[in-house]
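**Q** One-letter residues, chain by chain:
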Amino acid sequence: MKVGAAAIAAMAWLALAPAAGADAPAPAARAGEPPMFAFDIASGALPPLARRLPDVPLVVKPQRTDWSPGHYGGTLRTMMAKDRDIRFMVVYGYARLVGYDENLRIVPDLLESIDNVDDRVFTLHLRPGHKWSDGKPFTSADFKFYWDDVANNRDLSPFGLPQALKVDGHGPRFEVLDERTVRYTWDAPNPQFLPALAAPSPLYIYRPAHYLRNYHARYIGLDKANAQAVAAGSRDWIGYYQKLDEQYRFDNPALPTLEPWVNTTAMPSTRFVLTRNPYFHRVDEQGRQLPYIDRVEVRITEDKLIPAKTGSGESDLQARYLRFDDYTFLKQGEARNHYHVRLWDKALGSQLALYPNLNVADPVWRKLMRDVRFRRALSLAVNRHEINEVVYFGLARESANTVLARSPLFRPEFRAAWSKLDVAKANALLDELGLNKRNDDGVRLLPDGRPMELIVDTSGESTEETDVLELVRDSWRKVGIALYARPSQREVFRRRVYSGMSMMSIWSGLSNGIPTPEMSPAELAPTAQEQLQWPMWGQYFQNRRAGGEAPALPEAQTLVDLYREWEVAKGYAAREKIWLEMLGINADQVFTIGIVSRAPQPIVVSDALRNVPAEAVYSWDPGAYFGMYRPETFWLDTRAN
Amino acid sequence: MLRYIVKRVLLMIPTLIAVSVIVFTIIQLPPGNYLESYIAELQAQGETVDQQKVDFLRQYYGLDKPLPQQYLRWAGGMLKGDFGYSFEFNMPVTKVVGDRMFLTIIISLVTVLFTWAIAFPIGIYSATHQYSWGDYGLSLLGFLGIAIPNFMLALIMMYVANVYFGTSIGGLMDPQYIGKPWTWDKLMSVLAHSWIPVVVIGTGGTAGMIRRLRANLLDELKKQYVVTARAKGLPPGKLLRKYPLRMALNFFVSDIGSLLPQIISGAEITAVVLSLPTTGPMLLAALKSQDMYLAGSFLMFLAVLIVIGVLVSDLALMALDPRIRLTGGISR
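Going down the list, the protein sequences come from chains D and A. Take the first sequence: its letters are residues 1 to 641, numbered as in the working numbering. Take the second sequence: its letters are residues 1 to 332, numbered as in the working numbering.
If you're looking for bench data, these hints aren't it; they were derived computationally from the structure. One should not assume that every hint holds.
[Claimed, not checked] Computed list of lysine-lysine pairs in DSS-like fashion (alpha-carbon distance at most 30 Å, straight line):
#	chain 1	residue 1	chain 2	residue 2
1	D	437	D	478
2	A	180	D	166
3	D	61	D	136
4	D	577	D	166
5	D	82	A	186
6	A	53	D	82
7	D	144	A	180
8	A	180	A	95
9	A	65	D	243
Fair warning: this is a prediction, and the values are worked out from it, not measured in the lab.
With these hints in hand, go ahead and build the complete structure from the sequences.
**A** Here is the structure:
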């Protein structure tokens with residue numbers, strides 16, 4: 001009888017909710033108990049809220065003025081293009097040990113607090129009473145399991161510790177202080193540690209040990225582990241364990257999680273359903289457990305169809321796979337299909353940037369590319385205003401490839417550096433380089449007599465790249481340089497750049513345009529092969545001098561030195577100084593030629609969905625796209641429509 | 001006859017080996033491998049990749065081995081019924097294909113039945129009423145059916161359905177059945193949703209079949225035995241069914257050869273546009289991401305079906321048509 005009454009009460013609440021309004025919460029809401037669980041609690045399948053929440057839950061304070069406390073319930077629909085994309089629910093959920101808040105500060109999230117001594121000694125305090133989504137306690141044993149049996153297990157981690165745990169090749173000392181306290185100690189500062197924990201694709205230094213132990217050879221014996229794996233269709237326990245232990249891939253419904261929504265669907269599927277985590281650790285100011293929305297439904301559909309389907313109202317919240325080109329189409333369906341399109345700023349340093357390849361194989365071109373005057377001339381000869389008006393409806397901002405105005409490291413002079421159209425000056429610089437001979441078409445001649453035909457590789461991803469290049473070609477023509485676009489395919493593109501076959505390439509600019517001094521400036525220095533302006537120098541750094549080439553330009557070497565200094569620098573001011581210096585060198589040396597920044601990302605939000613910020617930054621890291629804006633506080637207003 | 005069948009079956013072996021080499025080579029032709037395209041894709045979205053994990057996967061999946069070795073491992077596995085491992089889904093290929101295969105077969109079979117049910121009466125009518133208004137009208141429709149690409153028709157129908165009726169036509173069942181075990185209700189839901197893809201996929205085939213049936217039948221109708229039969233006073237309906245129609249059916253039997261693989265692969269592009277949970281979009285995605293064992297094993301499966309289908313239709317033709325049987329005897 002009791003069961004029935006509770007269920008009826010829950011249904012009654014649901015029915016009343018539309019009329020009740022925010023100021024008159026129904027009894028169920030006052031108790032902070034999501035009505036979805038009323039039945040399970042009444043039947044004893046689930047303990048009441050007080051026993052599910054940690055002793056000290058994380059109280060999510062209103063972040064914005066248009067923020068309102070929500071109603072429980074509803075299903076949020078969104079779309080992805082591949083089964084594998086289900087991992088984006090981990091990105092959007094954004095439950096991390098520590099995470100970025102909207103002011104880009106790293107604050108404790110899953111952790112109750114963290115003590116940091118000189119970026120060297122990190123003591124992590126867990127929330128007492130915190131539980132995994134299956135109700136089992138989340139304790140230091142989960143950290144110990146990762147450290148002993150995953151990170152330092154020869155079979156599971158044959159290549160050693162993850163990069164972010166290593167400083168100069170050495171890992172930390174790990175100690176368990178008590179049931180809810182662990183400590184990591186490095187000999188030298190490890191400024192990468194916290195950003196790695198807060199990343200959208202985070203460094204997971206804990207595992208649901210109580211679950212994974214059942215598949216680990218050390219706990220159940222090698223024979224049993226292998227037999228179990230073979231029965232499940234894997235080759236051995238290593239592969240099987242790796243497949244089950246995917247907190248980021250999010251494709252194992254049995255794996256306990258700490259995220260706001262728990263995936264209930266296994267791959268392969270065309271529809272994934274996520275339900276609320278009954279043990280989630282965040283509450284709103286009234287003590288009501290988050291998330292507000294009960295379910296998330298992720299439909300898998302062809303990526304090219306996502307804009308069309310979004311435009312027909314099939315998604316309540318969509319940003320992924322929408323491009324700026326879709327804006328007008330999406331706008332058209334707004335009224336008919338009850339959604340609105342918002343434009344968020346992308347956090348890229350430049351929507352698209354040209355990367356002169358300083359490692360190009362052709363010696364004549366290489367010499368030119370490495371001459372700062374040449375790079376400056378190229379940058380001065382780009383008509384950014386025209387590109388902005390033609391391709392981006394004037395909504396973007398003409399800029400060099402540098403940090404955005406939202407970043408505390410922004411300086412107007414970095415944005416303006418060599419980025420104003422000045423054909424006369426560009427011509428003068430090129431003449432000064434001795435490139436003053438031209439052929440009959442008005443194209444300058446290289447020192448060895450070849451015409452200056454600059455081939456720009458594109459990855460063939462979009463027409464946006466080719467449209468922009470078309471406009472760049474027109475203005476470069478005026479300084480006597482012929483530009484040809486060479487579209488290819490992503491992998492071919494990257495290989496051509498890495499091997500020096502490509503002279504110049506076009507790709508998005510700095511991936512983090514809103515950094516604080518605490519975040520890594522690695523992108524500004526030759527530190528990785530993926531950096532298209534100096535792949536070989538980056539490889540040299542990445543492989544610890546075992547491959548690639550040492551930076552041949554003093555400025556590039558300075559950047560590497562500065563980056564190393566940043567790694568060991570102490571304090572905000574010191575890091576800020578290094579950052580600014582690195583940004584200054586990049587701006588002055590024009591290693592990359594930025595075009596426009598702050599290009600808008602269309603976000604489609606259902607008319608019923610509340611608490612999605614009207615203006616925001618759409619950023620992968622820091623930000624986790626929606627994650628930073630707390631999707632668990634979004635709610636569906638049933639009064640809409 | 002038995003000798004002939006055995007010979008044909010033995011011939012299939014070198015054919016399939018050749019096909020497997022070609023399939024494997026073509027899948028490997030684009031530079032890079034699954035892991036590289038995976039990394040490139042993540043980076044294109046601004047995501048980062050854990051190098052440790054990538055190294056582990058490369059070693060674990062044997063992607064660091066030379067190509068011939070990878071080929072032998074794959075081909076050898078297939079002989080034992082092990083179709084390899086899908087990188088994308090992180091599970092054996094057979095498990096990935098499972099449910100999709102069943103849905104594909106349902107859709108394709110219904111499509112085939114739909115095609116026959118429409119094409120036969122129309123084809124016969126067109127042939128027997130050649131150059132009548134009915135023939136012209138139906139031919140026009142038929143040409144439209146051939147000329148409009150399926151995916152285009154699908155797009156137009158989707159647009160119309162959304163703008164004028166406010167419904168979505170993607171998918172193949174009500175959402176609550178997705179991922180659930182098969183029940184009667186689920187089957188009914190699939191059938192209720194399947195008519196749009198069936199119409200879209202079926203139009204091209206229907207139109208083609210009308211044209212072929214009409215042409216074949218017209219050839220036969222002009223022959224002397226038809227005139228003779230008619231002169232002897234055979235009723236027109238019986239005459240048609242008993243002689244020229246049967247003669248005109250040879251093309252239909254030889255179509256079986258290509259029908260089998262079609263049933264399994266589904267109409268790829270249309271399925272992509274309508275986002276049907278069939279095997280077509282999966283194959284396309286696997287090829288794009290260089291998920292080589294998934295793509296390779298699936299293509300091999302299609303190749304086997306084609307080879308078997310051709311054999312079956314050859315045998316059926318021999319059984320049905322004495323002319324083919326006898327000519328075969330003479331040449332030997």
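**Q** Taking the hints in turn, state whether each one holds.
**A** Structure-based check of all given hints:
1. D/437 <-> D/478: holds (14 Å)
2. A/180 <-> D/166: violated (45 Å)
3. D/61 <-> D/136: holds (27 Å)
4. D/577 <-> D/166: holds (25 Å)
5. D/82 <-> A/186: Satisfied, since the Cα-Cα distance of roughly 24 Å is no more than 30 Å.
6. A/53 <-> D/82: holds (21 Å)
7. D/144 <-> A/180: violated (38 Å)
8. A/180 <-> A/95: holds (15 Å)
9. A/65 <-> D/243: Roughly 22 Å between the alpha carbons, so the hint for residue 65 of chain A and residue 243 of chain D holds.
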